[in-house]
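These protein sequence lines are chains A and P, in that order. In terms of full-length UniProt numbering, the first sequence has 111 at position 111, counting the first letter as 1, and numbering is strictly consecutive. In terms of full-length UniProt numbering, the second sequence has 275 at position 275, counting the first letter as 1, and numbering is strictly consecutive.
Keep in mind that the hints were calculated from the coordinates and are not lab data. Treat the hints with care, as some may be off.
If you want a taste of the chain P side facing chain A, the calculated C-beta under 8 Å gives, among others [what the hints assert, rightly or not]:
{"hint": "1", "residue": "70"}
{"hint": "2", "residue": "73"}
{"hint": "3", "residue": "77"}
{"hint": "4", "residue": "81"}
{"hint": "5", "residue": "83"}
{"hint": "6", "residue": "88"}
{"hint": "7", "residue": "89"}
{"hint": "8", "residue": "99"}
The calculated lysine-lysine pairs, modelled on BS3-like cross-linking and capped at a C-alpha distance of 30 Å, are [to be verified]:
{"hint": "9", "chain 1": "P", "residue 1": "178", "chain 2": "P", "residue 2": "151"}
{"hint": "10", "chain 1": "P", "residue 1": "178", "chain 2": "P", "residue 2": "27"}
{"hint": "11", "chain 1": "P", "residue 1": "113", "chain 2": "P", "residue 2": "151"}
{"hint": "12", "chain 1": "P", "residue 1": "178", "chain 2": "P", "residue 2": "119"}
{"hint": "13", "chain 1": "P", "residue 1": "119", "chain 2": "P", "residue 2": "151"}
{"hint": "14", "chain 1": "P", "residue 1": "113", "chain 2": "A", "residue 2": "204"}
{"hint": "15", "chain 1": "P", "residue 1": "74", "chain 2": "A", "residue 2": "204"}
{"hint": "16", "chain 1": "P", "residue 1": "151", "chain 2": "P", "residue 2": "27"}
{"hint": "17", "chain 1": "P", "residue 1": "151", "chain 2": "P", "residue 2": "74"}
{"hint": "18", "chain 1": "P", "residue 1": "151", "chain 2": "A", "residue 2": "204"}
{"hint": "19", "chain 1": "P", "residue 1": "113", "chain 2": "P", "residue 2": "7"}
{"hint": "20", "chain 1": "P", "residue 1": "178", "chain 2": "P", "residue 2": "122"}
{"hint": "21", "chain 1": "A", "residue 1": "204", "chain 2": "P", "residue 2": "119"}
{"hint": "22", "chain 1": "P", "residue 1": "7", "chain 2": "P", "residue 2": "27"}
{"hint": "23", "chain 1": "A", "residue 1": "204", "chain 2": "P", "residue 2": "122"}
Virtual Cβ for every residue (Gly too), placed ideally from N, Cα, C.
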Amino acid sequence: MSTRLARREHRAAWLFLTPLALVMLLVAVWPLSRTVFFAFTNAYLDDPTNYSMVGIDNFIEVLTDSGWWHVVRNTLVFTSISVAIETVLGLAIALLINEAIPGRGLVRAAILVPWAIPVVVATKIWDWMLNDQFGVINALIVGLGLSDHGIAWTANSSLIMGVVIFIDVWMTTPFMVLLILAGLQLLPGEIFEAAHVDGIPAWKRFWSITLPLLTPAIGVAVLFRALDALRMFDLAYVLSASNENIMTVSIYARDRLISYQELGVGSAAASCVFLLVAFVAILIIGVLRLDRSAGAA
Amino acid sequence: MASVTLKSVSKSYGTNAVIRGVDLDIKDGEFVVFVGPSGCGKSTLLRLVAGLIPVSSGVVAIDGEDVTDVPASKRGIAFVFQSYALYPHMSVARNIGFALETLGIGRDAIRTKVRDVAKMLKVDHLLDRRPRELSGGQRQRVAIGRALVRKPDVFLFDEPLSNLDSDLRMEMRVEIAKLHADIGTTMIYVTHDQAEAMTLADRIVVLNHGLIEQVGTPQELYHTPDSRFVAGFIGSPRMNFAPVSVEGAGETKHLSGPGGFAIDLAFSGQGAGAASIGVRPEAIAITGEGEGRLSGLLERIEDLGHEHFAYARLADDSVWVVRVAGRPPLELKGRMVGLAFRDADLFVFDGDGRRLDHHESHERASAAQFREARR
Chain A
1 MSTRLARREH RAAWLFLTPL ALVMLLVAVW PLSRTVFFAF TNAYLDDPTN
51 YSMVGIDNFI EVLTDSGWWH VVRNTLVFTS ISVAIETVLG LAIALLINEA
101 IPGRGLVRAA ILVPWAIPVV VATKIWDWML NDQFGVINAL IVGLGLSDHG
151 IAWTANSSLI MGVVIFIDVW MTTPFMVLLI LAGLQLLPGE IFEAAHVDGI
201 PAWKRFWSIT LPLLTPAIGV AVLFRALDAL RMFDLAYVLS ASNENIMTVS
251 IYARDRLISY QELGVGSAAA SCVFLLVAFV AILIIGVLRL DRSAGAA
Chain P
1 MASVTLKSVS KSYGTNAVIR GVDLDIKDGE FVVFVGPSGC GKSTLLRLVA
51 GLIPVSSGVV AIDGEDVTDV PASKRGIAFV FQSYALYPHM SVARNIGFAL
101 ETLGIGRDAI RTKVRDVAKM LKVDHLLDRR PRELSGGQRQ RVAIGRALVR
151 KPDVFLFDEP LSNLDSDLRM EMRVEIAKLH ADIGTTMIYV THDQAEAMTL
201 ADRIVVLNHG LIEQVGTPQE LYHTPDSRFV AGFIGSPRMN FAPVSVEGAG
251 ETKHLSGPGG FAIDLAFSGQ GAGAASIGVR PEAIAITGEG EGRLSGLLER
301 IEDLGHEHFA YARLADDSVW VVRVAGRPPL ELKGRMVGLA FRDADLFVFD
351 GDGRRLDHHE SHERASAAQF REARR
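With these hints in hand, go ahead and build the complete structure from the sequences.
This is the structure in structure tokens:
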């Protein structure tokens with residue numbers, strides 16, 4: 001039995017939620033379900049209306065393709081290494097600019113610049129700087145006498161993944177810094193004063209107080225970054241669209257879908273990307289217990 | 001155990017002077033309370049003693065040793081924060097014992113010390129809980145326990161009870177007094193609550209705008225305040241004030257003020273500077289119109305059960321409070337009444353707010369000394 005007031009509040013709540021629900025239905029649920037639907041068909045992109053159901057054949061094709069597992073490996077390597085470096089670097093920089101140093105405001109603004117540059121532009125800039133013949137980096141290396149010939153950064157198959165990770169770290173560490181800094185500034189100052197009075201040395205303050213209290217903030221930052229990195233497309237595509245060493249799952253799905261016109265197989269690959277991202281997200285949330293610890297600190 | 005000495009201690013942030021040359025001697029084992037309105041610098045002064053913020057100039061000495069440049073952790077002090085500042089992710093036991101972890105005394109020794117302190121503060125049944133699972137009073141005890149376990153030379157409390165409700169505040173006040181009696185450590189306690197100051201302190205330091213207004217025992221501050229500021233701050237409800245004008249040459253002056261106030265007073269010193277008078281609410285009795293020292297309209301009576309506050313509006317629109325212990329004079333409400341008090345209970349202040357001694361006031365001062373001697 002609910003009172004009339006309670007019923008009225010429920011109605012109002014639904015009224016406010018309806019526009020959002022409609023938009024979500026239109027831009028998220030509908031395309032997603034279309035993709036999943038096509039993943040079970042043999043449709044081609046030139047005529048999507050002409051198809052028949054093929055069951056899980058497309059998924060079998062994707063999952064038995066050694067190329068798929070190669071790009072999964074690339075994506076996981078890229079994600080884990082870049083996010084790890086960004087987290088450590090972001091934490092260090094956030095701790096640094098959280099201290100009351102002169103010119104802190106300027107540093108905080110300046111640090112955002114790489115993040116504000118569009119990915120395509122930043123990638124192209126670095127691509128040119130790392131160019132093996134005309135690039136400024138190689139000119140520097142040769143000029144300083146560190147090597148007598150330039151290094152083929154983006155052509156060397158063992159170096160290119162490092163380049164991709166480097167550019168990503170350069171671009172998105174500021175994002176990490178901002179999120180962690182926001183978390184740092186929420187920590188109550190008196191706790192650290194108490195630790196000071198208690199004579200807790202700096203390293204122990206960091207390990208036993210700052211880090212545990214910061215875990216929810218870092219967790220959210222890692223989650224955001226990891227989901228972003230798992231879907232990474234633009235950076236690798238602009239740097240070298242067809243280089244197998246840096247091809248990600250998103251590029252693979254796009255190739256099957258657009259280049260090969262295989263709407264069915266491409267949709268199956270896209271669905272697999274979705275499942276991969278969802279799986280990693282659930283894993284991170286579970287491990288860090290973000291759902292529970294968020295309000296506790 | 002240690003004494004604390006401040007020598008012309010100042011603290012300013014840019015051009016904003018928060019503490020302006022404070023000199024203070026706190027004896028070993030003394031319970032000193034810093035009191036004052038918000039923004040008077042009392043918390044800043046405590047943090048300067050603790051070493052949580054550096055002084056701009058001056059010397060801080062603990063136990064005779066200059067600690068001006070010594071970090072907080074090496075001053076032998078413990079600090080209890082207003083927010084308790086417990087580590088939210090640690091159990092109560094670890095909160096209390098955390099400072100001991102870096103001393104290298106071994107796990108069992110820590111556990112024993114934590115248990116002893118917890119038992120003393122009656123939180124030994126809560127050792128496995130997290131701070132968020134505790135009530136305000138329990139958190140306060142844990143915070144005190146964390147300070148206690150380190151066996152500090154000086155205890156510093158920064159408004160420790162202001163986050164508690166009034167019942168609990170009274171209870172914890174008694175416990176802190178008991179703690180001081182038990183361990184006898186020097187304690188400095190900051191509060192804006194004059195009742196806490198009066199009940200806890202051996203000596204009270206009244207601060208105003210970064211300067212010490214007066215230092216003295218609670219009795220001294222109550223009976224012989226140096227200034228109108230101290231007179232108004234100590235005591236609740238606060239002292240009633242009225243402006244007066246002075247006439248006459250020689251020792252005896254004629255003072256007159258609102259509500260028909262007129263009196264001839266013999267001053268020991270500079271009576272000519274008298275600018276205002278003050279009378280405590282508990283020193284006033286309500287009488288019929290035309291009787292008493294001055295008259296006003298009895299506007300309102302607040303019934304607190306065990307006592308009553310009566311509000312009388314004077315001719316200059318100021319409102320005087322009278323504290324009535326017995327039956328409230330309800331039948332006089334809305335009528336003109338007289339306010340009577342003994343001349344000895346009359347405080348006179350000059351234009352700068354300094355208190356002026358008059359002959360009758362000596363009587364009050366000596367009576368106060370007599371009462372204090374009997375305690």
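Taking the hints in turn, this is what the structure says about them:
no.	hint	verdict
1	70	violated, 12 Å
2	73	holds, 3 Å
3	77	holds, 7 Å
4	81	holds, 5 Å
5	83	holds, 5 Å
6	88	holds, 6 Å
7	89	holds, 5 Å
8	99	holds, 4 Å
9	P:178 <-> P:151	holds, 17 Å
10	P:178 <-> P:27	holds, 19 Å
11	P:113 <-> P:151	holds, 11 Å
12	P:178 <-> P:119	holds, 15 Å
13	P:119 <-> P:151	holds, 16 Å
14	P:113 <-> A:204	holds, 21 Å
15	P:74 <-> A:204	holds, 17 Å
16	P:151 <-> P:27	holds, 18 Å
17	P:151 <-> P:74	holds, 13 Å
18	P:151 <-> A:204	holds, 21 Å
19	P:113 <-> P:7	violated, 36 Å
20	P:178 <-> P:122	holds, 14 Å
21	A:204 <-> P:119	holds, 27 Å
22	P:7 <-> P:27	holds, 14 Å
23	A:204 <-> P:122	holds, 29 Å
Of the hints listed earlier, those the structure fails to meet are numbers 1 and 19, in rising order.
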